[in-house]
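Numbering (the UniProt record's numbering), first residue to last: 1 to 124.
Hints are computed from structural coordinates only; laboratory data are not their basis.
Every value quoted in this text rests on a predicted model; they were computed, and no experiment measured them.
A couple of the hints might just be wrong.
Said to hold, decoys possible - Okay, the calculated beta carbon distance ranges per label pair:
no., residue 1, residue 2, range
1, V70, V108, 33 to 43 Å
2, A107, V70, 16 to 26 Å
3, A107, F69, 16 to 26 Å
To be verified - No more than 20 Å apart at the CA atoms, straight line, and that leaves these computed lysine to aspartate or glutamate pairs for EDC-like:
no., residue 1, residue 2
4, K51, E62
5, K113, D82
6, K113, D26
7, K51, E106
8, K51, E104
9, K51, D26
For every residue, glycine included, the Cβ atom is placed at its ideal position computed from N, Cα and C.
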Amino acid sequence: WAAAAVPAAETPQAATARETGRAAPDRAYGPLLQGPFDFPSPGSTRATLRKELVPGRIWSFEQVQGVIFVHVPVRMTVVRLDSGGLFVYAPIAPTTECLRLLAELEAVHGEVKQILLPTLAIEH
């Protein structure tokens, strides 16, 4: 596989909108809800954008989620631990693309050692 470069200024909303209507199996995640509101929408394919916030130390992973016409960004933060490995705060949808981007960090900094889920809200 080859990773596609994503412009730094691009937002998760723009990346998701750019992919709407295209087959993006590595960005598929769903259904978010069970019931009459589950239908394909821009929120059912989620582009994952990884940004390095502090070089070699802290990264953000961003996706857009939504139902019908309400779409909001959600963010996961990954921190390299001094003891080795990674700490994940507020995990987002584990799409194939998201897991691949996380695996790239694991290859360099070690496996995920801790995960903190700060809420039971549907977006996490």
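Outcome of the hint check:
no. : hint                    : in the structure
1   : V70 to V108: 33 to 43 Å : 37 Å, holds
2   : A107 to V70: 16 to 26 Å : 36 Å, violated
3   : A107 to F69: 16 to 26 Å : 39 Å, violated
4   : K51 to E62              : 8 Å, holds
5   : K113 to D82             : 12 Å, holds
6   : K113 to D26             : 24 Å, violated
7   : K51 to E106             : 15 Å, holds
8   : K51 to E104             : 13 Å, holds
9   : K51 to D26              : 19 Å, holds
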